[in-house]
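*Asks:* All chains should be built: construct the whole structure from the sequences, respecting the hints.
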Amino acid sequence: MMSIALGGCLRPPPIPLGITEDSGGHLTYLWGASEALAARSDVTEVELVTRLFDEPSLGPDYARASQQCGAKLTITRIDSGNRRYLSKEAAAADRPAFIAALLADLDAREVRPDVVHAHFADAAEVAIAIRERFGIPFIYTAHSLGIDKADHVATSQGLEARIGFEDRAIACADAIIASSRDEAERQLMRYPSADAAKIHRVPPGAGRRQRGTDRSRARELVAPFLRDPSKPIILAIARPVHKKNLGRLVELYGRSPALQDAANLVIVAGLRDGPHSGESEQREVVRQLLDGLDRWNLYGKLALPKQHCQTDIASFYAHARESGGLFVNPAATEPYGLTLTEAALHGVPVVATCHGGAADIVAELGHGISIDPADGDAFVGAIECLLGDRERWLRASNSGQARVRNHSWERYAERFSDIARAICTPTASIGRPRDLLLSDIDNTLTGCRTGARQLQAALARDPRRMFGIATGRSLQEAQRILGEWDYEAPAVMVTSVGSEIYWRRGQRLERDDDFARHLAHGWEPGRIRDALAGLAGLEPQGAVEQRRFKISFFASEEAAHRVEQRLIDAQLKARVIHSHGKLLDILPLRGGKAAAMRWVAARLSLPPSAVFAAGDSGNDRDMLEACPRAILVANHCPTVADLAARENVYRTAAPHAGGIVEALNAFARTDVARLLAA
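In the UniProt record's numbering, the protein residues as written are 1 to 678.
In short, the hints are calculated from the structure, not lab data. Not one of these hints is a red herring.
Derived SDA-like pairs (lysine to any residue); straight-line CA-CA distance at most 20 Å:
1. K582 - G542
2. K149 - L159
3. K88 - K149
Per label pair, the in silico range of CB-to-CB distance:
4. D54 - P540: 47 to 55 Å
5. P540 - N635: 23 to 31 Å
6. D291 - I568: 58 to 66 Å
7. D294 - E558: 51 to 59 Å
8. R190 - A602: 29 to 37 Å
9. A536 - D312: 47 to 55 Å
10. I147 - N635: 37 to 45 Å
11. D291 - E132: 43 to 51 Å
12. D312 - R403: 23 to 31 Å
13. E281 - P13: 22 to 30 Å
14. A108 - A374: 51 to 59 Å
15. I568 - P540: 16 to 24 Å
C-beta atoms are modelled at their ideal positions from N, C-alpha and C, and glycine is treated no differently.
*Replies:* See the structure below:
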């Protein structure tokens with residue numbers, strides 16, 4: 001496997017993060033992923049490819065053409081003919097020469113990589129050239145997307161071209177890896193060429209916490225700056241670039257005497273020799289920090305250490321935890337936020353931006369507060385709240401440490417290998433099955449590990465039965481949960497409450513565009529939103545829950561009835577689905593799980609009697625009503641209890657997936673009895 005990353009200073013640990021503008025968290029990501037992949041028995045070699053440059057001030061490693069970093073891990077540096085260090089923007093003119101040199105290198109090899117992993121859109125341009133020459137598929141990881149950055153910066157100079165390259169990468173990639181749900185389902189899907197079937201949410205690892213980490217090194221680095229080093233610290237670690245909003249953090253701290261009394265502020269912003277060292281953006285941000293120090297007279301309260309090494313970072317986290325402090329991320333937008341998972345690993349509560357993937361991390365790990373840094377009073381209030389409430393601080397600290405265990409590089413490598421294997425496997429046509437089982441996920445397939453294993457065994461024994469899912473969740477979330485429950489990849493996936501269908505062709509998924517065109521008839525989402533504006537009792541769900549053919553709210557059952565009446569009054573045709581007492585989804589009239597089930601059966605040339613549908617809640621109702629062989633599991637919601645009285649519905653005695661096995665066996669006995677009677 002070959003990973004390509006053109007920007008920054010790539011070398012074995014300790015990686016000098018912040019030594020240049022482009023030496024950021026993606027290098028930590030790249031190294032963690034590569035080490036985990038190299039440790040796998042199904043991976044023969046991992047090669048990291050980057051630019052060769054010779055800048056003595058940055059160190060000698062980067063002029064080495066090859067660097068062996070382990071039995072199966074190598075860094076290859078390609079000489080493009082320009083041996084200067086180039087920033088990401090400046091390297092664009094050098095890219096054709098780099099591509100030509102790398103293609104020549106690959107052409108001379110007897111053994112070439114099976115798959116290429118491109119980090120950022122500039123590396124994707126290289127990967128596209130490799131695929132065109134050698135037919136090697138590639139995976140794209142964006143790390144940071146320009147389309148979201150354009151929403152939060154004053155000038156869009158250069159962003160239009162960057163967004164164009166990103167869209168080309170999205171269009172051409174065989175698969176795309178996103179770190180957060182926000183990146184997978186909102187950021188990437190804003191691009192014209194985005195296809196959800198190619199996007200996989202694979203959270204990066206959080207590293208490993210070394211027990212007994214010594215915080216004395218952090219105390220030593222901040223001691224020259226602080227008047228009262230015994231106070232808790234508010235810690236920020238970020239590259240000195242504008243989008244990280246570090247100047248805003250100093251301003252908020254400077255405006256709050258109460259916060260200054262409660263804690264010291266420590267900002268670890270890259271490496272520098274003085275205010276005039278580094279690249280232009282680095283110098284501007286450092287100048288902002290120093291100006292804030294002076295303007296708000298923060299001498300003795302604000303620490304801005306100039307030098308640190310990678311191993312010092314753990315010491316900073318340990319100091320924040322043991323002092324009763326916090327980690328803060330005030331970025332204008334944060335594509336993911338690896339430092340937030342690192343903070344969780346070390347038991348440090350966080351206050352983080354609500355823009356981008358950071359909100360996903362905080363919600364998933366439960367280790368702090370996600371809030372808009374543009375609302376200064378609210379952001380400062382959140383910091384004061386966690387600092388001043390020891391019980392809440394401890395809950396956040398413990399939650400982060402417990403839940404971050406799911407974020408491991410080993411788990412990332414396992415998912416990456418599955419994705420790579422899938423794109424290297426030829427696609428295959430779908431054969432006609434004997435019958436189809438279409439099941440909801442939450443509390444139907446999940447909820448009982450024993451039942452899940454029983455159902456998987458039953459499906460494995462009957463290869464002529466096609467297994468599919470019909471869920472309210474997005475495609476990426478559905479794949480994630482099925483993976484956590486060890487289910488085999490379904491042959492068909494009906495997602496987002498029956499508004500999207502994906503077919504598995506061999507190991508790959510393909511979006512059913514014919515179904516999308518079918519749903520588009522008469523669908524007027526703009527008019528629907530206008531008609532519902534100001535209606536009492538409606539709260540929009542997050543941006544990741546909104547889809548092309550799904551508008552989602554939080555609402556009571558009473559509010560759902562008001563929505564239905566408002567749409568009737570406006571003469572708008574749509575399907576309103578209320579489930580779990582609080583979730584409201586509005587779909588095209590032709591959408592819904594029942595409609596998707598009929599579409600799938602027709603595509604497979606299966607009669608209705610050859611379809612089994614299993615579910616437990618309100619968004620399964622129409623599917624269970626329409627299916628001649630419906631399965632209502634014992635743990636169903638009260639809102640669908642009335643379905644048990646219908647002749648077409650089998651109400652199981654067993655809950656969850658075990659109930660599905662029970663029902664399938666009962667239907668089989670009935671079929672045998674019918675045949676014997678005939």
